[in-house]
Structures are given as C-alpha cells and as structure tokens.
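In the working numbering, the protein residues as written are 1 to 638.
Don't read these hints as lab results, they were simulated from the structure.
By construction, the Cβ of each residue, glycine as well, lies at the ideal position given by its N, Cα and C atoms.
All clues stand as given, with none of them false.
Label pairs and their in silico Cβ distance ranges:
1. G433 x R366: 29 to 35 Å
2. V167 x H65: 36 to 42 Å
3. K423 x G278: 50 to 56 Å
4. G433 x E309: 31 to 37 Å
5. P395 x G541: 43 to 49 Å
6. R600 x E266: 47 to 53 Å
7. R356 x N432: 52 to 58 Å
8. K545 x H574: 45 to 51 Å
9. N323 x P599: 34 to 40 Å
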Amino acid sequence: MAVANQRHPIRECDGPPDAWIDEPEAVWDGHRRTGPALWLLAVVGLLAVLVVSPTVALGLYQYQHVERVYQGVNVLGIDLSGMTAAEVEQVLASPTAELTARPVLVRAGDSEWPTDWGRLGLSMLVKPLVERAMAVGRHGTVVEQLYAQARALRGGRALTAEETLAVEPMRAFVEAARAQIDRPVRNARLEMLPDLSFSLTSAQVGRRLDADESFRLLVDAAQLGRPHVELPVVVLQPLTTDDMRLPAKERAEAIIGTPVTLRYSEKAWTVDRATLAGLLVFSGGPGVPIDLRLDREKLRPLMQRIAAELLQEPRDAEITWANGAVQATKPSLEGRQLDVDVALNQALDRIEAGQREVPLAVTVTRPAIDSTNLQALGIRELIDSASTSFVGALPQKQHNVRLAASRLNNHLIRPGEQFSFNKALGPTTLDNGYQVAFGITSTGGGQDHRTVPSVAGGICQVATTLFQPVFWSGLQVEERHWHLYWIPNYSSKGVIGLDATVDEEVELDLQFVNNSSTHLLIQSRTDDATVTFELYGTKPGWDVKVDGPSITDKKTADQTPVTEREPSLAEGQHYQVESARDGFTASFTRTVTAAGTAPRVLKLESKYVPSRNVTLVGTGGRPVAPSSAPSPGGAPGT
Numbered sequence: 001m002a003v004a005n006q007r008h009p010i011r012e013c014d015g016p017p018d019a020w021i022d023e024p025e026a027v028w029d030g031h032r033r034t035g036p037a038l039w040l041l042a043v044v045g046l047l048a049v050l051v052v053s054p055t056v057a058l059g060l061y062q063y064q065h066v067e068r069v070y071q072g073v074n075v076l077g078i079d080l081s082g083m084t085a086a087e088v089e090q091v092l093a094s095p096t097a098e099l100t101a102r103p104v105l106v107r108a109g110d111s112e113w114p115t116d117w118g119r120l121g122l123s124m125l126v127k128p129l130v131e132r133a134m135a136v137g138r139h140g141t142v143v144e145q146l147y148a149q150a151r152a153l154r155g156g157r158a159l160t161a162e163e164t165l166a167v168e169p170m171r172a173f174v175e176a177a178r179a180q181i182d183r184p185v186r187n188a189r190l191e192m193l194p195d196l197s198f199s200l201t202s203a204q205v206g207r208r209l210d211a212d213e214s215f216r217l218l219v220d221a222a223q224l225g226r227p228h229v230e231l232p233v234v235v236l237q238p239l240t241t242d243d244m245r246l247p248a249k250e251r252a253e254a255i256i257g258t259p260v261t262l263r264y265s266e267k268a269w270t271v272d273r274a275t276l277a278g279l280l281v282f283s284g285g286p287g288v289p290i291d292l293r294l295d296r297e298k299l300r301p302l303m304q305r306i307a308a309e310l311l312q313e314p315r316d317a318e319i320t321w322a323n324g325a326v327q328a329t330k331p332s333l334e335g336r337q338l339d340v341d342v343a344l345n346q347a348l349d350r351i352e353a354g355q356r357e358v359p360l361a362v363t364v365t366r367p368a369i370d371s372t373n374l375q376a377l378g379i380r381e382l383i384d385s386a387s388t389s390f391v392g393a394l395p396q397k398q399h400n401v402r403l404a405a406s407r408l409n410n411h412l413i414r415p416g417e418q419f420s421f422n423k424a425l426g427p428t429t430l431d432n433g434y435q436v437a438f439g440i441t442s443t444g445g446g447q448d449h450r451t452v453p454s455v456a457g458g459i460c461q462v463a464t465t466l467f468q469p470v471f472w473s474g475l476q477v478e479e480r481h482w483h484l485y486w487i488p489n490y491s492s493k494g495v496i497g498l499d500a501t502v503d504e505e506v507e508l509d510l511q512f513v514n515n516s517s518t519h520l521l522i523q524s525r526t527d528d529a530t531v532t533f534e535l536y537g538t539k540p541g542w543d544v545k546v547d548g549p550s551i552t553d554k555k556t557a558d559q560t561p562v563t564e565r566e567p568s569l570a571e572g573q574h575y576q577v578e579s580a581r582d583g584f585t586a587s588f589t590r591t592v593t594a595a596g597t598a599p600r601v602l603k604l605e606s607k608y609v610p611s612r613n614v615t616l617v618g619t620g621g622r623p624v625a626p627s628s629a630p631s632p633g634g635a636p637g638t
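Could you put the whole structure together from the sequences, leaning on the hints where they help?
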C-alpha cells in the first residue's frame with residue numbers, strides 16, 4: 001500500500017492474528033538510517049562509479065545493502081531503504097497492528113457490541129512483509145536483480161500489505177451473540193391451579209440470530225473495513241397470543257370467584273367454587289381463542305335433587321263449620337314443581353353473567369281450597385239438615401252408621417261437582433273398619449225378600465239422612481234408589497217415602513250435583529240415638545216446591561210370625577229383623593224455580609213391598625241355605 005489509509009487485501013486463514021497495534025506509527029533513529037544519510041552514500045557511490053569505475057561503484061552499492069533492503073522499497077508508506085530485516089519488522093509492528101485494530105460496532109436487534117476487527121480475527125502478518133521487502137532485487141538472474149534494484153532506486157517500489165482473517169474468532173463471536181439474542185417463542189397458556197385460581201403464562205415473541213448470514217456479513221464488512229455491522233435477527237411470533245386466552249381467564253374467574261346461591265322463597269342451596277369449577281368446559285387450541293361454556297349436565301344432579309326437595313302436590317285445606325263460620329282444621333298447601341331443564345338454563349345464564357344469586361323459577365299451583373282465603377268458598381249459612389233415629393238397632397249397625405257418617409263429615413263439594421256417596425265413603429269392608437250387621441236381599445227375581453247378615457249393614461240410613469236435605473234444598477239429584485221395605489225411622493219432616501239405599505257391589509249409588517254458585521259443605525254428627533246431616537253454603541236464590549207424597553198401590557202385610565235360622569248368631573239367640581208393614585208406592589214431584597231459567601222438575605217414586613214379622617234364631621255356626629244377591633231396586637242395609 002502506498003498510503004496508510006489505503007485498503008489492504010485480506011486473506012483468510014485459520015490461525016490467530018500475530019499481534020495487536022496499540023501505538024501510532026513512530027520514527028526511529030536507532031538502527032534506522034535517516035533519508036539524507038542514505039542519499040549521501042548513494043551520491044558518493046555514484047561519483048565513485050563515475051569517477052572510479054562502474055564496476056567498483058556497483059560493488060560498493062551491493063556491499064552497502066548486504067542483508068539490508070534496497071533503496072526505494074516501502075510498505076504502508078514507510079520507506080524501508082537500507083533497513084535490516086529486524087529493523088523492518090520493528091518499524092512495521094505498530095502500523096500493522098493499528099490497521100487491524102480498527103474499531104467496529106456490531107448490532108443485532110436491540111443489542112450491540114463495540115469491538116475491533118483485530119478481536120474478530122483480522123491481522124496483518126509482519127514477517128511476510130519483511131521477507132518480501134528483503135526479496136526485492138534478490139531474485140532471478142543477475143541482470144534481473146540489477147534491473148529490480150535500479151527500478152526501486154529510481155522510481156521506488158511500494159509493496160502491498162495483505163491482511164489475514166482468522167475465521168474461528170469471528171465464528172466464536174457469532175455464537176456468543178446468538179447466545180444473547182436467541183430467545184424461544186412462547187405461546188400463551190391458561191391453567192387452572194389446585195387452589196382454583198387461574199394462571200396465564202403470557203406469550204413471548206421469539207428471536208433467532210441467523211448465524212450463517214451473520215458470519216457472511218462480518219466477513220464482507222471486514223474486507224471492506226466497515227465501522228458498523230448489522231446482524232440479521234429473525235422475529236418469531238407466538239401462535240397463541242394473550243388476547244386468545246385472557247378473555248377466557250377473566251370469564252372463568254368471574255364465574256367461580258365466589259359460591260353461587262340458588263334460592264326459592266326461604267330455601268337456599270349453595271353451589272361451591274369447586275362445583276362451579278367442575279362445570280367449566282374450555283375448547284380451542286393453538287392459534288385459536290379459547291371458548292368457555294358451562295356443562296349443564298354436570299349441574300343436572302344438583303338441580304334434580306333440588307326439584308325433589310321442592311316438589312309438593314297441592315293440598316286442599318280441610319274445613320269444618322264451627323262457631324258460626326267455616327274454619328280450617330288442616331291448612332292448605334300450595335303445589336310446587338321445578339322444571340329441571342328450564343331451571344338449568346336460567347341458572348347457567350345467570351352464573352355465566354357473573355351473578356351470585358340465582359332465583360329458581362318454580363311453578364306454583366294454588367290449592368282449590370285455600371286456608372288463607374276461606375271466604376272465597378261462599379260458605380256462609382246452613383242450607384238444610386235432616387236427622388234419623390237408630391234407636392234399638394244392633395250395636396254393629398250403630399257402629400257402621402257412626403263410622404260412615406264420620407267419613408262424610410266436612411266433605412266439600414265444589415260448584416258444579418257431582419257427588420257420589422260410594423266414592424266419597426270409600427270401601428265398605430271389614431278391613432276398612434265396618435262390622436257385620438243386617439241388610440235386605442231378594443231372591444226369585446225380586447219376589448222373595450229376606451233380611452240377612454251384611455258387612456256394613458246400616459249405611460243406607462246414612463245415605464237416607466244425607467239425601468233428605470239434598471232433596472229439600474233443591475239440589476240436582478242424579479241417582480237415588482229406595483229400600484225394598486218402608487222403614488218408619490226414615491221419615492223426613494213428617495213425610496214418608498224419602499229414603500235412599502246404596503250398595504257399591506251392585507252399583508247402587510246416591511249421586512247429586514252441587515248446582516249452586518258456591519261450595520257446599522257436608523257436616524255430620526251422631527249421638528246415642530240419631531244421625532244428623534247438615535248442608536252449609538249460601539242458600540240458592542231458587543224456590544223449591546214439593547208435591548206429594550201420593551200414596552198408591554197399597555198392599556197389606558202378613559202379620560204371621562216367621563222364624564229363620566241364622567248360623568252367624570250364637571245358638572239360641574233370637575233377633576227380630578223385620579216387622580210386618582204394608583207395602584205401597586209413594587210418588588213425589590219437586591219443582592225448583594229460579595229467576596230467568598226454566599223450572600227443574602224431579603219426579604220420584606218409592607215402591608215398597610210388604611214386610612213380615614221375622615225373627616232370626618242363631619244356630620251357632622251350623623250351615624243353612626245360602627242367600628242370594630240383592631235384586632235391582634233394593635239393597636242390603638236397614
């Protein structure tokens with residue numbers, strides 16, 4: 001190179017640089033000869049050549065440069081004329097080191113490293129320069145050597161200084177930079193911890209230094225001597241960002257942050273945080289936002305248990321008439337039912353909205369007879385009543401009458417409802433508390449009548465006593481049957497022929513409709529001699545007119561005493577079950593008139609056969625001829 005600032009060729013090598021340049025170029029006065037002294041010798045030599053002899057002058061020139069650099073040779077702008085190899089090496093040590101220690105700033109992303117090219121492996125070897133300087137004018141034939149010496153002497157000879165690049169320091173630098181730059185990419189991650197909190201691992205942008213390209217750029221920069229080098233950094237974007245996970249985290253925290261209370265009226269059920277956490281269902285994946293929903297089926301068992309606890313059938317109040325007013329003897333209950341599917345949807349919607357209180361939508365059914373609103377029944381007064389006597393009846397019959405009457409007491413009939421005596425009374429069996437008494441049966445197609453033992457014998461007196469106020473009050477009679485014999489105790493208001501007989505087995509019933517506008521309350525009571533039925537409600541605004549009875553078809557009874565054996569009675573026991581009474585037909589016409597409506601006309605007939613004087617004699621269990629079933633138009637029970 002001719003000047004210090006001129007670029008020098010670089011050649012790569014695998015070894016480290018020989019030295020660092022730490023000082024600026026210096027001028028030496030020791031072993032180095034100064035310029036004027038050299039030229040003086042040259043002039044003297046030339047004069048000698050001219051004066052003495054060219055041969056002598058040439059010999060003197062060669063002698064002066066033994067193991068020294070010939071005149072005119074320079075490196076890096078430094079004149080090496082007449083220097084020994086050691087002097088050349090000493091002179092070139094500092095400038096070569098300075099040239100290879102040029103500062104360079106290496107950047108990669110937001111990182112930078114100030115260094116110099118010497119540390120990155122760039123060096124300029126002095127010994128080859130020394131050898132090349134010493135070799136000028138000493139190679140080839142004698143003529144070639146003299147020619148080279150003459151050219152250097154006359155015009156100067158500038159030797160090129162070569163720089164050497166060792167790749168290992170540069171590669172080590174790239175690896176060290178990559179260790180600082182490289183950062184793995186990290187996807188956002190949402191995780192529920194054992195304490196039911198949520199941890200969001202934030203996404204991280206990754207970085208990677210392109211090592212091969214960085215090395216190539218450093219080599220190019222070293223050859224060009226650039227003061228700055230920008231190394232390429234590849235940015236690695238995460239596939240899953242925080243925005244894809246953060247909304248799900250916030251929703252989940254809101255849902256399970258505190259327990260949820262499901263409530264209906266004064267009842268409450270707590271859904272704890274662990275249960276709420278078990279409802280969470282996350283869906284999504286890498287690069288896809290997480291979707292959060294609640295699993296309704298996991299909440300279903302709890303809702304089914306709540307539904308079972310809340311389930312309640314409506315129950316009407318049980319009422320009675322006391323102290324001049326209707327009163328509840330047993331309070332009513334509202335019906336309650338929870339629709340599990342509807343409740344699940346409502347609960348999940350509110351929980352997802354972050355609400356902590358969830359009211360349950362329960363379907364409530366009000367009882368027909370509400371103990372809190374008995375006035376609505378319209379039961380304000382006594383409509384009608386009747387009493388019949390059972391004086392002299394067997395204890396078994398008295399028991400049956402009392403039992404049947406008690407089971408009809410406080411029975412409530414809604415407006416428009418049809419009352420059935422058999423249905424309201426229930427089974428008339430021994431298992432249901434009734435005893436064996438006596439009833440009337442017929443054989444021979446209704447021509448032969450007998451009084452025989454019968455379970456629940458006597459309940460026909462209960463039906464008769466209830467029928468009579470129904471008849472007199474003008475209620476709508478749907479079904480009624482009369483006894484085979486007339487029983488004087490069954491007269492009503494001095495009128496004969498108004499009785500009723502029932503038997504569920506042969507489908508004989510007493511039925512009527514509450515065709516008034518208010519509820520109808522049946523009240524019954526018994527004492528030692530009588531059974532009484534009372535109908536309470538609001539007296540209808542209709543008029544009741546009864547024509548009759550018209551007595552026809554009279555038949556005289558046979559007064560002859562009749563004795564019949566009965567194995568159900570103790571042996572020798574006697575019991576008169578019939579008294580001789582005439583038969584007849586009693587006819588009635590009842591007309592009920594209400595304003596604005598057509599009259600209702602009811603025609604009744606009671607056809608009684610003559611009875612006998614019958615006494616049963618007990619046989620103590622000895623069998624007798626079996627009795628037949630009752631015929632239509634009559635029934636057991638006296």
